[in-house]
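Those protein sequence lines, which keep their order, are chains A and B.
Read in order, the letters of the first sequence are residues 1 to 236 in this note's numbering.
Read in order, the letters of the second sequence are residues 1 to 488 in this note's numbering.
Take the hints with a grain of salt, since some may be wrong.
Said to hold, decoys possible - Below, in silico cross-link-like pairs of lysine-lysine (DSS-like), each with a Cα-Cα straight-line distance of 25 Å or less:
no.: 1; chain 1: B; residue 1: K243; chain 2: A; residue 2: K135
no.: 2; chain 1: A; residue 1: K8; chain 2: B; residue 2: K480
no.: 3; chain 1: A; residue 1: K135; chain 2: B; residue 2: K271
no.: 4; chain 1: B; residue 1: K227; chain 2: A; residue 2: K127
no.: 5; chain 1: A; residue 1: K14; chain 2: B; residue 2: K243
no.: 6; chain 1: B; residue 1: K227; chain 2: B; residue 2: K463
no.: 7; chain 1: A; residue 1: K5; chain 2: B; residue 2: K480
no.: 8; chain 1: B; residue 1: K274; chain 2: B; residue 2: K486
no.: 9; chain 1: A; residue 1: K128; chain 2: B; residue 2: K243
no.: 10; chain 1: B; residue 1: K274; chain 2: A; residue 2: K128
no.: 11; chain 1: A; residue 1: K135; chain 2: B; residue 2: K486
no.: 12; chain 1: A; residue 1: K8; chain 2: B; residue 2: K486
no.: 13; chain 1: B; residue 1: K271; chain 2: B; residue 2: K99
Treat the hints as calculated values from the structure; they're not laboratory data.
Listed here are the chains, written in short residue letters.
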Amino acid sequence: MIHVKQLKKLYGEKQVLAIDALEIPSGQSFGLVGNNGAGKTTLFSALLDLIRLNQGTITNQEMDVSSSETWKQFTTAFLDETFLIGYLTPEEYFYFIGDLRGVSHSDVDAFVGQFEDFFHGEVLKQKKYLRDLSKGNQKKVGIVGALIGSPSVIVLDEPFANLDPSTQIRLKELLREWSQQKGVTLLISSHDLQHVTEVCERIVVLDKGEVVKDIKTQTQTLKDLEAFFTQKSQEG
Amino acid sequence: MLAQFLSLQWKSFTRSASFSTHLSIKILIGFLLLYFAATFAFLGALAYHIIQDELARDPLETVNQFMIYGCFYWVVMRYFIQKTPVFNITPLLVHPISKNKIVHFAMGKTLSSGFNWLGLFFMIPFAIVLVVEGYHWVGVLSWFVGIMAFVMSTNYFNLLINNNQKAGAIALSVLALLGGLHYVYIFDITVCSGPVFQALYQYPIAALVPIALWVFLYKAAFADYKKEMYIDGGLALQQADAKTQEFTWLNRFGKTAVFLKNDLRLILRNKRSKSTALMSFLFLFYGLFFFTGSVEMYNSPMWSIFAGIFISGGFLFSFGQFVPSWDSAYYPLLMTQNTSYREYLNSKWLLIVVATLISWLLSTPYIYFGWDVFFLILAATVYNVGVNSYLVLWGGAYIKMPIDLTSNKKAFGDKQAFNIKTLLLTIPKLVLPVLIYFLGSQHSEQLGIALVALTGVMGLAFKNHVFSIIERIYVAQKHKTLWAYKQK
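Isolated chain B (complex conformation) (with noise of 0.2 Å):
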């Protein structure tokens, strides 16, 4: 029986559209899995000299001291990462096999997640140091198996609040106030915490009690899922009510309204979309990086235009770089209705351009750091607004990837949006607004800013000549869009 559960999880997995893409591309992945491997590793290695040598503590206690930030860290990663495990379970449910199987099998799944083995890469190494440092090996062992332990816990912690959305906020409200609370230093939880840890250390047999939590959560997730398993229960959709939005006062855009007015239902009503909106905000932050000069790689002006354009253009990556793909769930529609490109594609560009200001005006505190700075930000907008949102537009003819709106998965992003051409097209979106920079800037700053700006101006006034380019692409990509959207 399981290996036959164990076949099905195969073929969902090396059957899904996502898998069938490049092998170039899976390599990349697999590097980058191995590079966080392999960081995680060094810093465990590490770790022990570095709080030894530097803070002149007991390593052991100090990690101890924090460890309790780590599950929390672990919980909230998993809750707003991590899926629950749905698998498929409805066909199975009317063949003979016991529920408790399909369940346990199901919560079993979920160990194979990443987010419980890659802490292993950390423990392990430190483990090591640990005894080799005259650590009792004992100890060490059932401090390993303890934290491992609690690692597992918040795993079905996490499956338990994720079931129930109170709970889960309950959850995190509390998380979010006791490391508030650490933050204005009126109780710092890792005093209470790290003796605990600790202990697991001390007193070998203290280990049974983070092994009985996990049994302990293991058994409610399982009662809780088992009791879900109706198709009008816990794998039923979830519905919810909709409300008609007519957005009147975007009539004055004309027809590019039309669509306008659908592009913003499409962000408000997906789950996959809306994700994307919220997350091209955290772009904004991304310049901490280059003017708190906390990287020292990044202080040079160069790398200063290259954090411009992505401090406005959070909204013009994310969202822009999957257009026609957000659509492609009913390109067909759009393909026979009275209408052309060119009005679908403006008002994908206003809406891009719109989202490109807004996000120009939340950057505009970077002024703290300087006029500078405000100039170079606004400078790169400019660039965005009159280059990059064009190219945007233009590499998304090439993507073609369905999108799932209702889904919001996939932590590697979509990888079929790699492809050489679509690549081929980053040059102009990031290099040549910092070739232009650095060619100004053997005059002056001044007149890199200004030139990167100029050309941004540039190419708003050739809007009506590029529109037409992007459109013939468009227009030459029509049906193999279809047949690849059709492609689930």
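So that you can see chain A by itself, here it is in the shape it has in the complex (with noise of 0.2 Å):
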């Protein structure tokens, strides 16, 4: 369970995130969407105290985020290239990662293994370092990276930008496998309205900063969207 309380969080004058209440129980998945500058990856890095608040608080299983440090054991994320050590081997971020998470060399090597085919045969063995790959074979060095370890709680930062089609339908299929599956909150961010309602079973919507919109998603809930941000477009 994750609790957000009075959060506020301002840039001089300018107040970039300001949420009264929102709370995203176990299990669930959770997808945020927003236009550009509506605060989505603030609110992500907040969770990860990334950022410090100018007030309110947020809880990751009844822990301060921004005081005790144990919620890290059960929580990864991949917000963006801040996240991958440039000059590894994918191999070797993957083995760093297991070595954090307590998972031996050769545990991570078979769950790797699982993601033969959506890594497309660019990511492994390829003797190339991170910062070499191109920006979508980065991200899903990334994606992987953070479901090392068995998380409880994963947050993933516009996960299907940069994919190309046919990995962002198999991203979709693993993602709802994998929050199903394994009982595990996800949250994640996407600009991509179809993507978002497909994987998540709750959307928010933030705009300017504020939740604007919190929906159980449903078949009418991607045209719903739709009309939001056209009208949104239209607002100027």
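Since each chain comes alone in its own frame, lean on the hints to assemble the complex.
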């Protein structure tokens, strides 16, 4: 269970995030949508204690993320390329994450092996450092890295961006499977309304840092969201 | 068009991260440049009389004799330090600007490099003195023009060999061979080259030769660069074949090993950290200034302890002071992993300590200067391990400067690395051991050395306590550091 209370984040005078209350129950697949600057990445960064809040708290399984560090044991994230170590090969990167999360190298090998088709033969044993991989392949490494060590909370910022169509479809299946079978809390953000409605059981729309919609995904959700953002674009 | 190029260049200069730093540091660097210029000018003005009075030789001939080594030096320095003109070319390629213009500009830009102009500060006063002393002004002028053309030629020669690694390796080995042959008295190139430079004075028309060389090298480099104006050609970033390195022998260090392995890969696989680590070995030779008695001012035991700190502390100072900035590119990853600062810091500490001990081993030949020197360096090493290793980690918490691991530039070091807190922390690093030594040496030199070593041993004993303090500082600085690393 993730619990956001009275949260406020300002950059100078400008308010970038203001959420009174938001609860994400354990096991939920949670989608965050919103235009650029709506505060999606800021919310995820705050949840991971990467930025300091001006006001309010975020608790992850009853623990305040800014004072306790225990949440790190069951939470993983891939927000952007700053979660990758450019001078490592993909294998070394996975081992590094495994070492930190108490997964042996052979278990990492077995785990990563499942993603052979997801990687499409372009990631493992390529004699390339992460910094030399394409943006899409870097993203794949980051996402798989965030799945190592049976985390119960997974945070992915725009996992679909930069991926080719086949991989996007494969990733959708993967995330659905993952959130259902293992009973993990999955938090993703996306600009792709269709993908996010297909993967997430609940969708929250952020606008200028505030929650403007909180929907349980149904068949008409995609249409609702499209209507909302069409209206936004007309407002200018 | 040129105005637009220039304005782009100006913006890239003034908006670069390293420029937007404190005014006082800009002034400091300004003074430093001024100092170098003044030193050169001074040397240029005095060289004539020094050579005439002390060596009793013809000043111009003597300068010409060694001019070839000046050129060698220019080529080598440029090869290793001067940047090739990359100047964000890719976005311009698709605009209606001819490729010739882009290349001409990029190559012309290299003229602004300090390497081309520093020589002038020596040449101009020297030439003036020559004319004043009765050398014919036409000859002096043609000599001056010719030499400057040579200097410019090295500029474009450098562009050529920089573009072609094989050519670079060949050129550098030829230079090394010539230097070596001279050194062992087999073949003295200055005997042949001296008259060539002298001819510039005797036959003013000869100045056309270096000018022709300059034009030729420019054309050659131009053709070379124009050919490379493709994003899969010269503009592509070079990729090395990656190999997986396990370092399983480090596993005995437990969780610290996880970070230690990464640190080794960090040093081995990134230009920036590799050159820093290699540079730190140069510190080993620092002691030669002190123990050979070549610099009179340094001939006191107080200065020797200072030297000792640097001899074994090369890696500690050059690499250690930028912890945790080395990990700036992926600091958010580390901050969300299931690990503590303690393990992270411990790995960095271990790395610094091992490097310090290796430096000490390599420094043992200093025994040549006597056992007291040996013990002095040993004491300084213990101090480095026991005190300075903490202090650099501590200071690093305040530096907060993102490091671009893949680039290798920044001639004057990283300007943001200067700040009041890090400056204050250098006091215990360098001044305190000298002070401790001074206090002890009032009794005897041996006691001074022993006290310095003892301080180091005491530092080691309090390791856990000190680490707790440093850890608290790192935790307190976490969000500020994360924010700073985002500002590239």
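Here is how each hint holds up against the structure:
1. For the hint linking K243(B) to K135(A), the alpha-carbon distance of about 20 Å falls within 25 Å, and the restraint holds.
2. Taking the CA atoms of K8(A) and K480(B), the gap is near 18 Å; set against the 25 Å cutoff, the hint holds.
3. Between K135(A) and K271(B) the CA atoms are separated by roughly 22 Å; this keeps the pair inside 25 Å, and the hint holds.
4. The straight-line distance between the Cα atoms of K227(B) and K127(A) is roughly 29 Å, outside the 25 Å bound, and the hint therefore fails.
5. Only pairs whose Cα atoms come within 25 Å are accepted, and K14(A) paired with K243(B) is rejected, the gap being roughly 47 Å.
6. Distance restraint check for K227(B) and K463(B): the Cα-Cα separation of roughly 58 Å exceeds the 25 Å cut-off, and the hinted pair is therefore not satisfied.
7. Taken as a hint, the K5(A) and K480(B) pair is honoured in the structure, with Cα atoms around 23 Å apart against an allowance of 25 Å.
8. For the proposed pair K274(B) and K486(B), the alpha carbon gap of about 23 Å is at most 25 Å, so the pair holds.
9. About 8 Å separates the Cα atoms of K128(A) and K243(B), which keeps this hinted pair within 25 Å; it holds.
10. At most 25 Å may separate the alpha-carbon atoms for a hinted pair to count; K274(B) and K128(A) meet this at roughly 19 Å.
11. A C-alpha spacing of about 19 Å is found between K135(A) and K486(B), which places the hinted pair at or below 25 Å, so the restraint holds.
12. A threshold of 25 Å between alpha carbons decides the hint, and for K8(A) with K486(B) the separation of about 21 Å falls inside it, so the pair holds.
13. The straight-line distance between the Cα atoms of K271(B) and K99(B) is roughly 30 Å, outside the 25 Å bound, and the hint therefore fails.
Violated hints, in rising order: 4, 5, 6 and 13; the structure is consistent with all others.
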